[in-house]
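Asker: First to last, the sequence lines map onto chains A and B. Residue 321 in my numbering sits at position 321 of the first sequence, and the numbers go up by one each step. With the second sequence counted from 1, adding 395 to any position gets you my numbering.
Treat the hints as calculated values from the structure; they're not laboratory data. You can trust all of the hints, since none of them are fake.
Facing chain B, according to a computed beta carbon distance under 7 Å, are these residues of chain A, among others:
id, residue
1, S210
2, E211
3, P230
4, T234
5, R237
6, Y240
7, R241
8, G243
Not everything, but these chain B residues come out facing chain A in the computed CB check (under 10 Å):
id, residue
9, N404
10, N510
11, F512
12, P519
13, V520
14, D527
15, R529
16, P532
17, E644
18, L648
All C-beta atoms, glycine included, are put in the ideal place defined by N, C-alpha and C.
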Amino acid sequence: MKLTRRAVLSAGVAMPFIGRTAFAQSNTIAIGALTPQTGAGGSYGPSMVKTIRAVVDEVNAAGGVLGRKIELISENDETSPEAGVRAARKLIDVNKVSAILGTWASSVTTAVAPLCWENKVMLFTVSGADSITQLPHQGFIIRTQPTSKLQSTRIAEFLLSRGAKRTFVMSAQTPFAVSGFNTVSEVLTAAKTEVLGHVIYDPAKATFRSELEQAIKTKPDTIFFNSYTPDLTTLLRELYRLGYEGRKHTMAYAANAKLLEALPAEVTEGLTSMAPSPDVDSPVYKKVRDILGTSDPDPYSCQTYDHITMALLAIARAGESSGPAIHGAVRKISQGTGTKISSAVEGLKLIAQKTEVNYEGASGPCDFADTGDIITCKFRFDVAEAGKNRLLGIS
Amino acid sequence: MELVQILVNGLMAGTLLAIPAIGFTTIFAVLRFPNFAVGGLMAIGAYTGLVANTMGGLPLLATLPIAFMVAGLIGVGSDKLMISGLRPSGPLAAAIGTIALGLLLENALRFVFGNEFRTFNIPPVRDWRFGDLRVPPHQVENATYALVIMAVLFCFLMFTRSGKMMRAVADNPALAGLKGINAVRTTDMATFLGMGLAGIGGVLIGLDVAIDPLIGTRTMLAVFAAAVVGGLGSIPGAVLGAFIIGLGEELALLAVAPTYRTAVGFLAILLILSFRPRGLLGERRY
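Start from the sequences, fold in the hints, and give me the full structure.
Answerer: In structure tokens, the structure reads:
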């Protein structure tokens with residue numbers, strides 16, 4: 001064969017890829033991070049990868065898993081399903097990862113999930129849409145974010161704990177409006193309290209006076225707003241004008257600082273809100289705080305810390321690094337009666353000694369149903385007082 | 396008692412709707428085409444009032460003439476720039492042009508102010524209560540402004556030379572031309588007046604709800620329905636139509652969920668066009 005200049009150049013260009021793939025297959029365990037570095041989720045992606053990398057570095061420094069180093073390949077899903085699928089293809093086909101961690105937007109997770117289960121790659125996600133785990137994923141999805149059903153159940157329990165006897169629900173028109181109401185209603189009626197009605201409103205409207213009058217007419221002692229910030233701003237102002245004095249509750253993403261700033265304090269006074277919370281008392285949470293150098297790390301970065309820890313522990317427990325191996329072992333290291341552990345390095349040592357382990361993470365106990373959904377997690381409850389949110393408690 | 400509450404709410408809504416409906420019908424009376432840019436100009440008026448109030452610190456009453464002037468001037472300017480060239484091609488071309496103009500104005504507002512809801516800098520006040528009946532003080536205030544504006548407009552059209560000129564052109568453009576009435580000046584005046592009223596309507600509706608660039612578009616169907624029901628080109632008809640639509644939308648709540656309330660406007664247009672195409676007080680078929 002004649003060695004042309006073109007052939008030499010082609011070989012030179014191809015060489016790093018051949019070497020890298022071969023290296024990834026033989027000596028290291030490849031794990032993919034697929035997070036939003038840009039787009040709507042862009043503010044979360046960088047810290048999500050930072051916690052994953054911290055665990056990888058710590059485990060590599062302690063000798064790796066199954067005697068092999070972990071290679072982390074981080075890709076940007078741009079908070080876009082199209083970019084997410086392209087990046088996932090690269091992680092699966094080129095890098096041969098056995099797990100993809102951290103997909104954030106539900107639309108991205110929904111698009112990437114079929115690639116994962118068809119290629120037997122484990123997908124760990126922080127997306128919340130109920131529909132994700134209803135996909136035929138054959139067990140290849142683990143979700144650390146509570147579903148909207150779990151969130152609705154906790155809201156209803158919280159309302160009961162505040163003394164709700166007659167509750168009215170107002171929901172923005174979303175795919176979760178009816179299912180969310182049904183769950184809240186089931187819990188409230190099971191506790192022998194009254195659910196007076198449900199109004200689904202168009203959040204793009206500029207006034208909700210008639211909708212609120214419909215609610216007030218039923219004389220509720222509690223109104224739950226399944227709303228977003230812009231519509232809640234209008235709803236609360238009109239509710240104040242109507243002279244309503246009862247309890248009002250909403251989601252934390254709606255009752256944010258922007259809302260409290262936009263409305264006079266007397267309008268928001270007493271508004272309670274709920275959000276999924278990391279387990280702030282856990283030693284893992286404190287570690288995540290140190291890694292990110294912040295006193296209040298976001299829930300997603302806590303969850304990705306748990307993703308990588310569970311993936312590595314599952315590989316060690318299964319004795320091999322494939323996607324199906326993680327699939328088969330992930331519940332054996334995250335739930336059950338094993339020794340409670342709070343770090344990958346600690347767990348890897350115990351697994352090497354053939355001791356059963358139960359990882360409890362920064363985001364919570366990390367116990368999963370067969371569907372892949374997290375069974376329980378902590379929630380934080382706040383109340384607006386004098387125009388500021390005050391923490392009521394985490395439970 | 397519920398019916399009384401609905402009637403009160405309907406009358407309040409009708410009063411607010413009447414101002415932009417008069418603006419819409421005035422332009423139609425003189426120019427003979429439906430100017431759908433009224434929606435965009437309502438939004439311009441609402442944002443003008445908002446800026447004057449929240450940044451300029453002006454009281455509400457002072458924002459009304461400012462919104463009138465700004466919306467009127469932008470209305471005439473954009474009409475000269477974009478619509479007047481379309482008018483010789485017929486009312487359909489002009490009407491389609493005004494839809495485009497409305498969208499353009501709306502997007503200009505979106506570019507400057509963003510999509511978020513904004514509100515006037517007024518402390519919320521609790522409703523007046525009469526037993527179970529609730530009357531919001533700010534709505535009574537708005538309705539009073541609207542009634543005063545209607546009275547001023549009536550005097551302008553009845554007793555001033557400019558008003559009489561506009562009525563003459565609306566009644567018979569050819570005869571008015573023979574009498575030496577300047578058609579261009581009169582059409583400019585009608586556009587200024589109509590768009591200015593749309594601007595005031597935007598402020599009054601903005602006081603009642605939250606303001607975003609879609610505030611005019613959202614109300615436009617009800618405004619159009621009010622003008623059609625009353626009879627396009629008839630100012631008393633626009634007022635009557637506004638009250639009918641306002642009351643109709645509220646009364647519909649007795650039968651259907653609030654989400655479907657906007658269907659009342661569609662239904663009213665459909666019924667009137669089927670049985671009385673000239674509208675309740677309209678004199679001509681269209």
